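Peer 1: Spelled out from the first residue to the last, the chains are:
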Amino acid sequence: MKGHPAAFVLAAAAVIGVVGIVIQVLLTRELLVVFQGNEFTIGIVMANWLLLEAAGALSARFGRSSRTHQWFLLALALSVLSLPLSLYLARSLRWFLGVGPALSLDLGQMAVGSFLALAPACITHGACFTFACRAYNRLAAGGKELAGRVYVWETVGTLVGAVLLTGVLALRWPAFTITAWLAATAAAAVVLAAFALVSTGLRRRWLAVGLVLLLMAVAAVPGSWVARLQEQTLALHWQGRDVLFHEDSYYGSITAMETREQQMIYYDGSPSLIIPDPDLERLETTAHVSLLFHQEPRDILLVSGGAGGLLQEIQKHPMDTLDYVELDPALLTAAARLDAPLVRQELDDPRLRTIPKDGRLFVSSTDRVYDAVILHVGEPSTLQTNRLYTQEFFSQIKERLRPGGLLALTLPGSSSHLGHELLRLNRSMYRTLDSVFSHVRILPGDINVYLASSDHGLHGVGPDEMTARLRERDLETVLVTESYLDYRLDDDRWSRFQDKISDVSGIRANTDFNPAAVYYTLGHWGAMFSPQLQRIMSALDAMGMYQWLAVFSFLLAAAVLWLWVQRRGGQPKGVQHWTIYGAVACALITTGMAGMVLDLMILFAFQSLHGYVYQAMALLIALFMAGAAVGAWWSGRTAEGKQTIGRLAAVDVLLVAMLAVLPQYLRLAAASPVFFMAASVAAGALTGAQFPFAASCLHASGRPSAGGLAYGLDLAGGWAGALISAVFLVPLLGIAHTAWVIAGVKVLSSLLLIGAAVSTAGHFSKGTIR
Amino acid sequence: MRFGRRSWLLLLVSAAIVAGFVLGSDLVPWGPSDPVPENTTSTRVETVDFPWREAMFYEQLADDKVQCNLCFRECVIPEGERGFCRNRENIEGSLFSVVWGRPSAVHVDPIEKEPLHQFLPGTKIYCIGTAGCNFRCSFCHNWTLSQRSVEEIGYYPNSTPREVVNTVKERGVPTISFTYNEPTSAYEYLYDVAKKAQEAGINVVFHSNGSMSPEPLRELLQYVDAVTIDLKGFTERYYNEILGASLEPVLETLKIIREEGVWLEIVNLVVPEENDDPEEIRAMCHWIVENLGTDVPLHFSRFFPNYQMTHAAPTPISTLEGARDVAKQSGIQYVTIGNVPGHPSNSTECPDCGETLIERVHFSVHDVNIENGQCTHCGHEVSGVFQ
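Protein chains in written order, with our numbering: chain A, 614 to 1383; chain B, 70 to 456.
Isolated chain B (complex conformation) (with noise of 0.2 Å):
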């Protein structure tokens, strides 16, 4: 076969078209379309141009590594590395909080929303929420938040602790919130927070998996109104397999809580095939009223898919129903149950005369049936803090 120059050209003249064709069009998207934050999760941070925090509660080690002992995971951490909730760095052999001052999601919501069904029940809380987090759980709501670190997120401004407290103060909010993902991760946040909150009058509360520490919990509980923990399952195996985490510090941290007068509800997922036996549910709620009372609300919570639990079915009513009624078997005084908006057990009864003392649908109170801390139906004293 002989390639002349007219064969040439042609060749040419064919590759300059379709060449043309990809240059001229108006369609091309010509230059790079916005740029993409750099996903870097747990390595060194660049960017210091804020005023870092630095942390309580580590010691320091040979080598410039430090041990954060903030909760049960004791992460030993090398210089210029974090620890596992991605929060903590440790900078020329100490230890500071990446996310002092830097929350990534700020919103008003209402306290049932946590849920808190008796502390000040109706109200709004001032919500806070940064990077981060200490536990892996495969369904969580909040990932976004939980599971990346500050730098792929960004953060809001201006949010140092007297700042906070004084838009809460503008904006008429009762009580703040630490929430959406895990407060200890950002202890020193919550903490200089709360401690300001208090000076002005304000209430703190926080959402917890339960995995703090004993001494920095107890510190910490000083300067805070009311605690929701995720008592998430009751075997050791559902905290390893699902949530990478452990069940006995939360359990001592239920201990605590109560231990320092602090008020206290709990709340528990019930994930189908995963932690909704009938037996560990009585088991946990033996287990609560030995331990803590018969008094601490215990809110049952349906599931849905989400995150990496895409494929799991959602929480029957009747699983719900059930675990309500072993809980009140077991003596446990308020029980709820949640995400079944329109559920009559969305709203509270009155363990004496079975009245509802606050009349609730989802998130919205329509009625609250207590005055001076009782009963209007039967004068039983109820539990909580209404005022």
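Isolated chain A (complex conformation) (with noise of 0.2 Å):
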């Protein structure tokens, strides 16, 4: 029954494609609470993740073929142990690296931690999709590279998991159960496979080794060692401090500590919330500096950061309505888990209502108006974060304020020195709200206080009448008293600060498709933690689009003189290969970049204009996958036995009118969330459709275990778009520009892919090159 083992190992592609997607988002998270988990730090992870997988996808096409089905077997066994060791070394990466709970890692911790943590994962998952085409051929393909087949099997495995991950798993459980249950799976495709690939001689020892590992994997769901390993671990990596629980949510990691009478919750790793004593100067400046510059603030709206102290002192003031926003409900009942008075007092205040959803989904949704909106969300460092500091948003928050309401944001400042990239951060957002709102206004200190209006004459409020508010409303401050709005807003004292922020010449504005404050934010964090980091994003900043356009231009150039010489065709067989080769691997490689920056610029266009939705953000990444299944399928069956290098360079061609136009159509499908489902599924399959042509024209080529060597190609450019388009590209031009930047490298390659397509025209026959 020739198609039955065939099947076993289709199969089993499906089982690597399910585990693949659930452990990348489990280690990922896990690593991203060690790291800070800013844009750059995602980006290394990510990176790191798609080098080893194309690593080990690369490596394991080389090796005997008559001992492909045992190599396989062994990769998968070996992945069943590389799981949970990956996920222990990426939870105790603090302990391993000899860096306590309290400093943060530099870059170079972060990428040699990452990348060793990440290994024998992603080692063994590349390697298992490598040895599955080379078995899948050696069972199937009568001499043809069916790679595509596998490829198609393990993106729909991938798809399986993007929806167990939505729904059944969805990272609420401990990470070391689901990597249990990972391990019974592979374990579980192992002893399938032992019965399909091998003879009867070995089959006996590798059921045996699946066996026993199904068995190991199963027993350690419910038992006790794996509720072991994750108390060891956690203790590993705050070494000895007092965790009194941990829980992960939809949306992040969250550990509660205590030490003597201080409680604090840490949210993926980073101080959120700190009692009985909070940081007062925080939150009184945050809470009444902003408030007492509105006469009389009755309905009252903060997104995000309350628990803890901000809510207290905002509910200090006579006021009908105070609604809340916080995206993760989670980080609520941590909170009131901790049983603490201030909690408890703040958030069973009657006139406080509280709102689990997206900031942003709210305000765009609600029609309620209040006279103060005050945002508390932290540093703008993510893509996700910084959604709530763009000028789309802050013009929809002034269309929610009365006549007469304030907008009021904090960022980092200095009572002493305002630093190079600080400076630049913070006018970024004075140059944004100054863009949208008529009156804005900077309280300098080592928290910035912004305050913006439509019509309320800021700039005419004085210490004086803060003073006389403060007095009228019977606010029991500790820190904000007569003295401190005297030095507070004292212009002589805090004007050269006031003159250095609202000086924005050279600046950009931040918004939706342009978020030049996570560029801003990165640029402090490298000023802080890696210098070079911090030149080389200097050093781009500087580089006008003249440069980039004359590099362009100039490789350009280069192409359509290669493509002139192809012309002729009449090569040597060997340099056809070589032709083929490099066209046909640049093409994957820029298609794996081109992959992602679609990936991202949907996602990241779908936050900013529909919110932050788990469930929502699960499925576009699913139908992205089916896409790709379904775009591999189709092209799977259309190139098989036949030359295809054109129909290569048409998906090219495609890809490129997708980057070019896919920006604008984006800003204008505000209103369709089907609009960004479709795109996601046509990404998907024309970033899917180039594999199986890309790995029958390797095949043609001469290329040994060509579905590998595409699929660590396709990883490499993945691991390019993630680095530099994510974390540079993106910050530093936005993601119109970056689009068409990547558009520009796939003309490139298409223009080497016509040529190869010119070169070898009239030589293929029969899937090779005569």
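No lab work stands behind these hints: they were computed from the structure. These figures come from a predicted structure and were not determined experimentally. Some hints here could point you the wrong way.
Unchecked claim - Straight-line Cα separation of at most 27 Å, DSSO-like style, residue types lysine-lysine; simulated pairs: (1) A:K1011 <-> A:K929; (2) A:K970 <-> B:K264; (3) B:K264 <-> B:K193; (4) B:K193 <-> B:K238; (5) B:K264 <-> B:K238; (6) A:K1113 <-> B:K264.
What the hints assert, rightly or not - Short, incomplete list of chain A residues facing chain B, as computed with Cβ under 10 Å: (7) S717; (8) S837; (9) Q875; (10) Y879; (11) P884; (12) E897; (13) D1087; (14) V1091; (15) S1096; (16) Y1097; (17) D1103; (18) F1142.
All C-beta atoms in this analysis are idealised placements derived from N, C-alpha and C, irrespective of residue type, glycine included.
Put the complex together from the two separate chains, hints included.
Peer 2: Below you can see the structure in the form of structure tokens.
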């Protein structure tokens, strides 16, 4: 029964897909708890992931083909063990690096640490795919390259895994429990593959291995050693601190600690809540310095960061309603679980309405109006957080303010010296606010307070008036007193800071599609932890469009020239092989980049326009994978046995078109989530469609294990896309221009493909070059 | 696959459309954005358009090298290079201060912010900070100054010692303070300003990490009225690992300031799990009592995450209160807690009757119950400078 063993390989490929996506999301989350979760650290983790997968995929191309099935079984068995190993390393990384819980990790430690932690899982996962391709080709291909079919099934598995993440798993189970389930699934694949792929003599041996692994994994799920690993790695991460509890929500990781009478909540590894003695300077400044600017704020909206003292400070003002929007309801549950009087009191206030929703989504969908809106979100260090600091969001807030209403937000500042990088961030925020509101006032300090209003004469309010309101409202404050207000509003004291911040020449405003604030925040982070990174970012920033266009023009000219040479054809067979290989490799790498950028663009645009909703994000990712599976399936059917470089070039051109026009349509499609879903499927389909064509071409050019090679190159492209696009290009150029830069790169690869097609025209036959 | 002329034309037109999108969009930011100053930490400075002050307390060595003797590091600096603090450069075998007359932060603040609690309470100070520092504290609040060179962060012009003193006189501020970053690294500037200020009847104080070598310290103290010293911890391990420095020189500095009769106050920033061990604090307090006396005010400050220590927990209040109690049990008369606005120990109490001598909330002084240097409740002689 020839077909059945091959079918097992495809089933195993689906298992590889499921395991891959779930462990990727799990490990990424764990590492972001260890690191500071900004756009750069996300990029490092993604880049290391893809690099290691590519290494695994490419290295598995070698080795005797007669032992392919055994290598495949070995890789599957190793993946069972590598999953918990990577998770253990990731969760206890600080201990292994010798860095205490108080210090932030620098760039080198993050890069090396994430590389080592991800290596076991990623390398085995990448190798599994390549061995699956090789095994399938041996069983079913008859000399052809059918890696496309394996890719389809692997993509289907990824889709299933993405669906599991939205529902059953949703990352709310303990990490080691989820990993045990994944390991059991992989072990089951070992057992099935042992039945199908190896001869009777070896079968018993591999069955035994598979069954042992399966039993271990299954026993682990309800077993105490999973809980012990969970506790042990938590203890290694926090190194001696007293952990009260830990839980994972849809949106983040929550850890509660206790030191003497002080309780703290860490959200994704960063301090979020301190009780019973919070940072009063921060809280009183945020609440009172802003609300005292309003004559009588009756209805107030607070976006994020309220529990743990800020709500209490705001509630000291006589008001009618206080709407508090917090994305992650688990944070409030955790705060309540601490059973602290401060939290109980503020959450029990009858004027308070808690809304567990994305702040952007709430403001765009509510019809309530407010006298004051306070943003307490944290620095715009990620594209996700940045959405709450953009022109577009400020415009939405403006619509929700009553006449005389004001918006207040805070950013890090300094009472002694505002560093260059932090100054740029503050200037960008001032410029952004100024572009929306007619009145903007900065109150510099260790915490810079920004006040913005359409019709409130903010500059006319002085310390005397604020002190009078302080007394009228009978506010019981500790820090914000008459003398503090005199100091904080002393123009002589702060005029230099105000002048510097309001000088916005050469500074970009922050918009949804041009997240300048992320760029400036990363620059500030670089100044603290990585001066080398900060220098790279400064150099890129100094590059104007002239330089970018000059580089592109040069490469375009070189590609056109090469194309002109190729049109003659007639090169020797060896040269044709390298021509095809080079062109297809470029196409795969650049498609990997393009796929990453398209996916990022769609996800990010959706978040900006419709809010951050976990299930919607997961759905879009799943639709992208579904599109990739469909695209790969279709092209796999048409690619088999035929010369396909022309079709590969056609897909490339379609990708160029999509990159060039999609940003404009995304902006226009604000009203329609359906458009985003369709765009995800289309982007995935184009990305996936290239793979079978590419694998077929590589096979025709004489590359061994073409499927694994294509997979590895695709991953390498994704690595470049993750690191370069997400970290540098999007914050620097914005989404639209980043897409155009990648489109330009794809144009070059299209020309290379066309040239390769021309040079080998008439020389392909029956899947090889004559 | 054949490519005819029509296909070529189609391809070139498509490429032109894409290029046109890029070129023609008015969203394209033509030209470079505002130029970013070059990061040039500790390298030769090209702009020498400002008179540089030759350094004090250095010696010339062979091969045009110099040894700076200003602090415990005693940097040996080759020609064209700078010392650890980034502020002293060897130019052709002579050492120069690159921050003399080049302050990067100038503000008027309450004196309580130093903190100086028993030196002219409730008055203002004219604060000056420059770039540079000879420590590498991972929680530095003013790292944008201390961990940078003057070229990276810029400076305010028109700030020679004469100009500074004239400005302070015009503004009617009674005291000049060198603070924010480590003034040791701007020694000559501090020294020259202090001399001029003394001539003009203006007080001079500075806030230091205590690493100055004895000889320059004694020379400087002739012109200084008060000093706040950060006694950041009491183990060499803490100083080595967290601060990149050494404890012994700081202890030596404290003794010298006391010997010279200059008013002294000590700050200890309590960092959880790093220097908050009660026995370590007890040892520190005993040392202070034995070597400096019981009337040196000691301030325990609450730590908050900052700079490279963003994952650390703030200091629990009970830890600070425990440190305060240990200090009082050791015999230290004046102990306060800082960075906890509204805490009763923000205020200074009379060591005799326990009544509030100086009522304080954070940096604001609400009441002073001291008259002619005595507690108005019981008449106890209060240490400090009140006029």
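Peer 1: Could you run down the list of hints and mark each one as holding or not?
Peer 2: We went through each hint and held it up to the structure:
Simply put, A:K1011 and A:K929 have alpha-carbon atoms about 25 Å apart, close enough for the 27 Å limit, and the pair holds. Between A:K970 and B:K264 the CA atoms are separated by roughly 62 Å; this puts the pair beyond 27 Å, and the hint is violated. Under the criterion of a C-alpha separation no larger than 27 Å, the hint pairing B:K264 with B:K193 is consistent with the structure, at around 20 Å. A distance of roughly 13 Å separates the Cα atoms of B:K193 and B:K238; the hinted pair therefore holds under the 27 Å criterion.
Under the criterion of a C-alpha separation no larger than 27 Å, the hint pairing B:K264 with B:K238 is consistent with the structure, at around 15 Å. A hinted pair counts as satisfied when its Cα atoms are at most 27 Å apart, and A:K1113 with B:K264 does not qualify at roughly 33 Å. Using the Cβ-Cβ criterion of 10 Å, the hint placing A:S717 at the interface with chain B is satisfied: the shortest such distance is roughly 5 Å. With a least beta-carbon distance of about 30 Å to chain B, the hint placing A:S837 at the interface is violated under the 10 Å criterion.
The restraint placing A:Q875 at the interface with chain B holds, with a minimum CB-CB distance near 4 Å, inside the 10 Å limit. Evaluation of the A:Y879 hint against chain B yields a held restraint, the C-beta minimum of about 8 Å falling below 10 Å. Contact between A:P884 and chain B, as hinted, is supported at the beta carbon level, the nearest pair being about 6 Å apart and thus within 10 Å. The interface hint given for A:E897 is met, as the beta carbon of that residue sits about 8 Å from the closest beta carbon of chain B, less than 10 Å.
Taken as an interface hint, A:D1087 does not check out: its beta carbon lies about 17 Å from the nearest beta carbon of chain B, beyond 10 Å. A distance limit of 10 Å between C-beta atoms decides the matter here; for A:V1091 the minimum to chain B is near 3 Å, and the interface restraint holds. For A:S1096, the interface hint holds, since its Cβ comes within 10 Å of a Cβ in chain B; the closest pair sits about 4 Å apart. The criterion of a C-beta within 10 Å of any C-beta in chain B is met by A:Y1097, whose closest approach is roughly 6 Å, and the hint holds.
At a threshold of 10 Å, the smallest CB-CB gap from A:D1103 to chain B is about 9 Å, leaving the interface hint in force. Given hint, A:F1142 at the interface with chain B, holds; its Cβ is 7 Å from that chain's nearest Cβ, closer than 10 Å.
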